[in-house]
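Protein chains in written order, with my numbering: chain A, 3 to 277; chain B, 3 to 277; chain C, 3 to 277; chain D, 3 to 277.
There's no promise every hint is true.
As a list, the in silico BS3-like pairs of lysine-lysine whose alpha-carbon atoms are at most 30 Å apart [as the list claims (entries may be wrong)]:
{"#": "1", "chain 1": "B", "residue 1": "K154", "chain 2": "A", "residue 2": "K28"}
{"#": "2", "chain 1": "C", "residue 1": "K154", "chain 2": "B", "residue 2": "K28"}
{"#": "3", "chain 1": "C", "residue 1": "K154", "chain 2": "B", "residue 2": "K154"}
{"#": "4", "chain 1": "C", "residue 1": "K28", "chain 2": "D", "residue 2": "K154"}
{"#": "5", "chain 1": "C", "residue 1": "K85", "chain 2": "C", "residue 2": "K28"}
{"#": "6", "chain 1": "B", "residue 1": "K154", "chain 2": "A", "residue 2": "K154"}
{"#": "7", "chain 1": "D", "residue 1": "K154", "chain 2": "C", "residue 2": "K154"}
{"#": "8", "chain 1": "A", "residue 1": "K154", "chain 2": "D", "residue 2": "K85"}
{"#": "9", "chain 1": "A", "residue 1": "K154", "chain 2": "D", "residue 2": "K154"}
The calculated label-pair distances, taken between Cβ atoms and stated as ranges, are [said to hold, decoys possible]:
{"#": "10", "chain 1": "C", "residue 1": "L218", "chain 2": "D", "residue 2": "H51", "range": "49 to 57 Å"}
{"#": "11", "chain 1": "B", "residue 1": "E180", "chain 2": "A", "residue 2": "F39", "range": "28 to 36 Å"}
{"#": "12", "chain 1": "C", "residue 1": "L211", "chain 2": "D", "residue 2": "A29", "range": "34 to 42 Å"}
{"#": "13", "chain 1": "D", "residue 1": "H51", "chain 2": "B", "residue 2": "L159", "range": "37 to 45 Å"}
{"#": "14", "chain 1": "B", "residue 1": "G58", "chain 2": "D", "residue 2": "H51", "range": "54 to 62 Å"}
{"#": "15", "chain 1": "A", "residue 1": "S87", "chain 2": "B", "residue 2": "E180", "range": "56 to 64 Å"}
{"#": "16", "chain 1": "C", "residue 1": "L218", "chain 2": "A", "residue 2": "I90", "range": "35 to 43 Å"}
{"#": "17", "chain 1": "A", "residue 1": "I90", "chain 2": "D", "residue 2": "H51", "range": "42 to 50 Å"}
{"#": "18", "chain 1": "A", "residue 1": "F214", "chain 2": "C", "residue 2": "L78", "range": "32 to 40 Å"}
{"#": "19", "chain 1": "B", "residue 1": "L159", "chain 2": "A", "residue 2": "G10", "range": "38 to 46 Å"}
Quick partial rundown of chain D residues pointing at chain C, CB under 10 Å, derived from the structure [as the list claims (entries may be wrong)]:
{"#": "20", "residue": "A29"}
{"#": "21", "residue": "D31"}
{"#": "22", "residue": "S92"}
{"#": "23", "residue": "S171"}
{"#": "24", "residue": "Y174"}
{"#": "25", "residue": "S189"}
{"#": "26", "residue": "I197"}
{"#": "27", "residue": "P207"}
{"#": "28", "residue": "K213"}
{"#": "29", "residue": "Y224"}
{"#": "30", "residue": "I226"}
What the hints contain is simulated information worked out from the structure, not anything from laboratory work. Heads up, the beta-carbon is just placed ideally off N, CA and C, and yes, glycines get one too.
Number of protein chains: 4
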Amino acid sequence: MEGEHKPGWRFRLHEIIYESNTFAGKAFDVGLLIAIFTSIIIVMLDSVHSLHIQYGDHFNTLEWVFTILFTIEYILRLVSIQKPSRYIFSPFGIIDLLALAPSWLAIFFPGAHSLLVLRALRLLRIFRIFKLAHFLFEIDFLKRALLNSIRKISIFLLTVLMLTVILGSVMYLVEQRENGFSNIPESIYWAIVTITTVGYGDISPVTPLGKFVASLVMLIGYAIIAVPTGIITHDFALARRKREKELYESCPNCGREGHDVDARFCKYCGSSLFR
Amino acid sequence: MEGEHKPGWRFRLHEIIYESNTFAGKAFDVGLLIAIFTSIIIVMLDSVHSLHIQYGDHFNTLEWVFTILFTIEYILRLVSIQKPSRYIFSPFGIIDLLALAPSWLAIFFPGAHSLLVLRALRLLRIFRIFKLAHFLFEIDFLKRALLNSIRKISIFLLTVLMLTVILGSVMYLVEQRENGFSNIPESIYWAIVTITTVGYGDISPVTPLGKFVASLVMLIGYAIIAVPTGIITHDFALARRKREKELYESCPNCGREGHDVDARFCKYCGSSLFR
Amino acid sequence: MEGEHKPGWRFRLHEIIYESNTFAGKAFDVGLLIAIFTSIIIVMLDSVHSLHIQYGDHFNTLEWVFTILFTIEYILRLVSIQKPSRYIFSPFGIIDLLALAPSWLAIFFPGAHSLLVLRALRLLRIFRIFKLAHFLFEIDFLKRALLNSIRKISIFLLTVLMLTVILGSVMYLVEQRENGFSNIPESIYWAIVTITTVGYGDISPVTPLGKFVASLVMLIGYAIIAVPTGIITHDFALARRKREKELYESCPNCGREGHDVDARFCKYCGSSLFR
Amino acid sequence: MEGEHKPGWRFRLHEIIYESNTFAGKAFDVGLLIAIFTSIIIVMLDSVHSLHIQYGDHFNTLEWVFTILFTIEYILRLVSIQKPSRYIFSPFGIIDLLALAPSWLAIFFPGAHSLLVLRALRLLRIFRIFKLAHFLFEIDFLKRALLNSIRKISIFLLTVLMLTVILGSVMYLVEQRENGFSNIPESIYWAIVTITTVGYGDISPVTPLGKFVASLVMLIGYAIIAVPTGIITHDFALARRKREKELYESCPNCGREGHDVDARFCKYCGSSLFR
Chain A
3 MEGEHKPGWR
13 FRLHEIIYES
23 NTFAGKAFDV
33 GLLIAIFTSI
43 IIVMLDSVHS
53 LHIQYGDHFN
63 TLEWVFTILF
73 TIEYILRLVS
83 IQKPSRYIFS
93 PFGIIDLLAL
103 APSWLAIFFP
113 GAHSLLVLRA
123 LRLLRIFRIF
133 KLAHFLFEID
143 FLKRALLNSI
153 RKISIFLLTV
163 LMLTVILGSV
173 MYLVEQRENG
183 FSNIPESIYW
193 AIVTITTVGY
203 GDISPVTPLG
213 KFVASLVMLI
223 GYAIIAVPTG
233 IITHDFALAR
243 RKREKELYES
253 CPNCGREGHD
263 VDARFCKYCG
273 SSLFR
Chain B
3 MEGEHKPGWR
13 FRLHEIIYES
23 NTFAGKAFDV
33 GLLIAIFTSI
43 IIVMLDSVHS
53 LHIQYGDHFN
63 TLEWVFTILF
73 TIEYILRLVS
83 IQKPSRYIFS
93 PFGIIDLLAL
103 APSWLAIFFP
113 GAHSLLVLRA
123 LRLLRIFRIF
133 KLAHFLFEID
143 FLKRALLNSI
153 RKISIFLLTV
163 LMLTVILGSV
173 MYLVEQRENG
183 FSNIPESIYW
193 AIVTITTVGY
203 GDISPVTPLG
213 KFVASLVMLI
223 GYAIIAVPTG
233 IITHDFALAR
243 RKREKELYES
253 CPNCGREGHD
263 VDARFCKYCG
273 SSLFR
Chain C
3 MEGEHKPGWR
13 FRLHEIIYES
23 NTFAGKAFDV
33 GLLIAIFTSI
43 IIVMLDSVHS
53 LHIQYGDHFN
63 TLEWVFTILF
73 TIEYILRLVS
83 IQKPSRYIFS
93 PFGIIDLLAL
103 APSWLAIFFP
113 GAHSLLVLRA
123 LRLLRIFRIF
133 KLAHFLFEID
143 FLKRALLNSI
153 RKISIFLLTV
163 LMLTVILGSV
173 MYLVEQRENG
183 FSNIPESIYW
193 AIVTITTVGY
203 GDISPVTPLG
213 KFVASLVMLI
223 GYAIIAVPTG
233 IITHDFALAR
243 RKREKELYES
253 CPNCGREGHD
263 VDARFCKYCG
273 SSLFR
Chain D
3 MEGEHKPGWR
13 FRLHEIIYES
23 NTFAGKAFDV
33 GLLIAIFTSI
43 IIVMLDSVHS
53 LHIQYGDHFN
63 TLEWVFTILF
73 TIEYILRLVS
83 IQKPSRYIFS
93 PFGIIDLLAL
103 APSWLAIFFP
113 GAHSLLVLRA
123 LRLLRIFRIF
133 KLAHFLFEID
143 FLKRALLNSI
153 RKISIFLLTV
163 LMLTVILGSV
173 MYLVEQRENG
183 FSNIPESIYW
193 AIVTITTVGY
203 GDISPVTPLG
213 KFVASLVMLI
223 GYAIIAVPTG
233 IITHDFALAR
243 RKREKELYES
253 CPNCGREGHD
263 VDARFCKYCG
273 SSLFR
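Make the full structure from the sequences, and use the hints.
Okay, here's the thing in structure tokens:
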């Protein structure tokens, strides 16, 4: 009898946790979102020294409440799915586990000498923010934009990195070691700060020749910042055009779609599109 | 008799204040613009310490002149409209009231202890600048551009925020507390300063590992700055295309669209577009 | 007899100075370019204190050589044109005069008390760089891009300015006077430095609330930097499309041009475009 | 007999070194890439003072190993090609030689007085990074993007440079010599730092007028940063359209073009595209 009940109970739970087209499913999603936000803000506030001294104990209690809540959620997710392994090794399953692990590990490895490391582990709980990705990444738009352009953007970033290595080395030769460009990695860091137009000013050229080279670096950065923009804008237009093409009506003869707006004959079977 | 005159007088006033197709209406608009600009500049100059000491009294007098002028304008707007509540609760009605309130409140609650707060209230009058929106936002172009993209840009900004939370937390772990990254909110502030390529330099990485992570943050920021540009450029093209389609009618013979504005014959079947 | 020669001589001079399709015309243009560049570099070098002390006299001599050369050029331009007034009041005529004026004025008003002002006048000669515009602005491309978008970009800049006034005032209220935001104009300067992502770091928020507001300002700046890009990219596409349309062959019946690529019938007279 | 063997041996070597469609060819490419990366990282690490003291000798040994390896590679490239002069004077031949030269020159000219220069020469070996271009530049995409836009971007950069010269000179007049704007080249450097939105903050305006002018410079920079983006985005779209046109043949019946890649019948007249 219980065996007969279980599938129905599991099915309803699955509907609440994994889907969001029922009222309970939506309520669960919103509640989860609020819990994630609150727990992240507590980790943030706890990192502020003055607040940690005053409210540290309260923060600690709240953190444990959320840890237990998220653990229950994780177990429910495992229970309500047919093949738990599919969830465990999915990107979101790994993220959910990583968001839980630090708190629990802090109990089992509490050695006095590792206090600092443990605090670091605790801070990893901020990665609960990744759980927000559940909600954000379902928006078709950003996924498409990022996946479409990611390969071209990578090539572009590699080229920029190569450029910063060369320009950083040139600046290391030009500027004296005393002017902040104390070694090549440091100079490359400067080149990245400059070419991305961030410009902290913690390292900046001092000699006239250095300033001249730096000016060239800036103008190069100014000109090539346009490249990724061009790539993404272009890919947006392509993605849209592709989708638009699929919108137009199907051929009345062969039934296939994907005709251009100005097509008068089916490009697959050659029969007229107008009846 | 007076009852007969009033509607005509109210109608003419409405024409001057709310419309701008008569000479008087345009003159009122330009005069209002100059008054707003002048009052804002006076608030600005009054905030400069040395000028406040020398000309503080004059500024105060001028501020009162403008306050009274804007109050008269507010009353006239109420009087000349049929349903005053429609103006009062419109965005511009609220802005106009907010621009007036601080000056008047400063009289009725002049307690010595709230002097600083009152000065702050006075500064709110700078929000009179919003009244300029009356003029600017009538330009169809910017309204369309902003409304079209605002949802996508919001999603993008949320993603960037999530990224800065993660990257800020990583930097808090990487850099020592002594190097300026004193807590997670501070580190997130640093991440925003860096990813938006502002780069004040008030907080900047000190350790080699911190500089490496910072370089990654900058390159990420450099690559994703392209996304909002792509969104807006793309939406511009769509908005234009949409408008074009609405402008040009279809051929009365073959029913196909896409004719130029100056076309007189269908480019597909050659029959006249005008009947 | 001389009266008969003069027109021919004036015509040839006009060809050399104003046109560039003869060898002499091109040589004149290149020579002028080199002279402008050299004179600008001399003004620059003379501004460097150490070089001024050592080579100041030589620089002075060279400056006078160039001043005399450009004066001769200016007189020749006046002589060789039919209506000198057309040149004098053209943008380039005014620029050429402004580039000459400071050197000559420095002789006639050499009063000891105005020494500093004279140095300033001398420096104005760097505006000879505007003469380069002769050469650069003839490139059709940039002219079109700038003229097309200048109105929209202005509206955009006005909106950004309005935003910086509001955000600057908010920051003046939020941050203490001691933290660099000493008056509203200063705060507006900070808002411009921040929203344009320049980020000098000479003024930066100190209080947590100030950092929060500053983060909002940066994210706003990050999102709206996309707007001018979108405008210009879009206008490029429009300009190109317009030009392309004019490329396609004329109608064999009425001879008018401007047909679309896929047009089969003339949109003006309705006759077939294919014979 | 040996003469008969040589061509075959040379041909196989050519296949391995210059081509990458055999297994040996791919292995050679990957091995070379790893060697270049490792040698660059060693040069970088050697520039760090503390590491140089501790591991300087090891780095030196490893540098010589790589120098010998790259020398062998250079000789093999010369031997395996039919016309060695074609490789020697090709861009990559010159880069490969420049990457080798510093190490060897350091032996033959070891004079004590030129020690610093020699270290500089050694650093030039970082230009081995250019060898990566072998791999990167084969990606059609970036080559096209850069070549297409390089002329327009140059004109744009020239205009920006002209602008910075003018704005820099104005700031030199406006700000006092004491405020960091000590000469015109320095002021131009500041203008470049500002207009490219890098904003180090090493030089920043101090006087109110200076801050006002700087604000204008920033807003100008903010508005014109859109121009190169517009250029590149537009050129991307053009390049794509051009390639599309070249890919798809015209209809053999009506001669019209613009068919999709998967079209089998003309969309205008309905006849088959394949004969």
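Okay, the hints, checked on the actual structure:
no.	hint	verdict
1	B:K154 / A:K28	holds, 22 Å
2	C:K154 / B:K28	holds, 22 Å
3	C:K154 / B:K154	holds, 22 Å
4	C:K28 / D:K154	holds, 22 Å
5	C:K85 / C:K28	holds, 23 Å
6	B:K154 / A:K154	holds, 22 Å
7	D:K154 / C:K154	holds, 22 Å
8	A:K154 / D:K85	violated, 36 Å
9	A:K154 / D:K154	holds, 22 Å
10	C:L218 / D:H51: 49 to 57 Å	violated, 42 Å
11	B:E180 / A:F39: 28 to 36 Å	holds, 30 Å
12	C:L211 / D:A29: 34 to 42 Å	violated, 60 Å
13	D:H51 / B:L159: 37 to 45 Å	holds, 43 Å
14	B:G58 / D:H51: 54 to 62 Å	holds, 58 Å
15	A:S87 / B:E180: 56 to 64 Å	violated, 45 Å
16	C:L218 / A:I90: 35 to 43 Å	holds, 39 Å
17	A:I90 / D:H51: 42 to 50 Å	holds, 48 Å
18	A:F214 / C:L78: 32 to 40 Å	holds, 36 Å
19	B:L159 / A:G10: 38 to 46 Å	holds, 43 Å
20	A29	violated, 44 Å
21	D31	violated, 38 Å
22	S92	violated, 32 Å
23	S171	holds, 4 Å
24	Y174	holds, 7 Å
25	S189	holds, 8 Å
26	I197	holds, 9 Å
27	P207	holds, 8 Å
28	K213	holds, 5 Å
29	Y224	holds, 4 Å
30	I226	holds, 8 Å
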